Amino acid sequence: MDVAKQFSSYLKQENKTENTVQGYTSGIRQYIKWFEGSYDRKLTKLYRQNILEYISYLKNVKMLNAKTINHKISSLAKFNEFLIQKGSQQDQVILKTDMIKVQTGYASPTQIVELDVKKFLQSVLEDNNKRNYAIATLLAYTGVRISEALSIKMNDFNLQTGECI
1 MDVAKQFSSY LKQENKTENT VQGYTSGIRQ YIKWFEGSYD RKLTKLYRQN
51 ILEYISYLKN VKMLNAKTIN HKISSLAKFN EFLIQKGSQQ DQVILKTDMI
101 KVQTGYASPT QIVELDVKKF LQSVLEDNNK RNYAIATLLA YTGVRISEAL
151 SIKMNDFNLQ TGECI
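When we follow full-length UniProt numbering, the leftmost residue of the sequence shown carries the number 1, and every step to the right adds one.
Source of the hints: derived by calculation from the structure; they are not laboratory data. Keep in mind it's a predicted model, so treat the numbers as computed, not measured. For each residue, glycine too, the CB sits at the ideal point set by N, CA and C. What you were told as hints is all true, and nothing was included just to trick you.
List time: in silico DSS-like cross-link candidates among lysine-lysine, alpha-carbon distance up to 25 Å:
1) K5 to K78
2) K59 to K33
3) K67 to K96
4) K86 to K45
5) K45 to K62
6) K78 to K16
7) K67 to K33
8) K119 to K130
9) K96 to K78
10) K96 to K33
11) K59 to K45
Label-pair ranges, simulated between beta-carbon atoms:
12) V113 to L159: 31 to 37 Å
13) I100 to N15: 26 to 32 Å
14) S26 to T142: 38 to 44 Å
15) E148 to V117: 16 to 22 Å
16) K62 to L121: 33 to 39 Å
17) R131 to G37: 51 to 57 Å
18) T137 to T44: 54 to 60 Å
My request is simple: use the sequences and hints to build the entire structure.
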């Protein structure tokens, strides 16, 4: 019996729901496929460095969102526990800090039309306040937070290149 099937049986013995068993087993099969494809060898135990590389692969190559990556990390953590209990491994290589923080949306995002942004910036410009216009333009086009914009000092600008450092 392959290790993924053994893991599935282990989860069932722990009275995990069928959805959990399928999700975790699928996550482990994907990890095993990635590992064997990357290293051309059979998976025998988990190594911390491999886990970090896999998380990087999920983020940067597969471009998965944080919740999906966290689910895969949870699968690996349970698999790590299984390998320890089975005697194939002695150390826990997946840490709680491996989970990616997911920012919850406090406000619903809205769609802002470019014309509205331009009209707003024009009204700020017509008030003849260069400072306010610079701040509004910075906020509108860079994505910095208000607190970040307000903490910018004059020496943060390179006036010759027109860049904010």
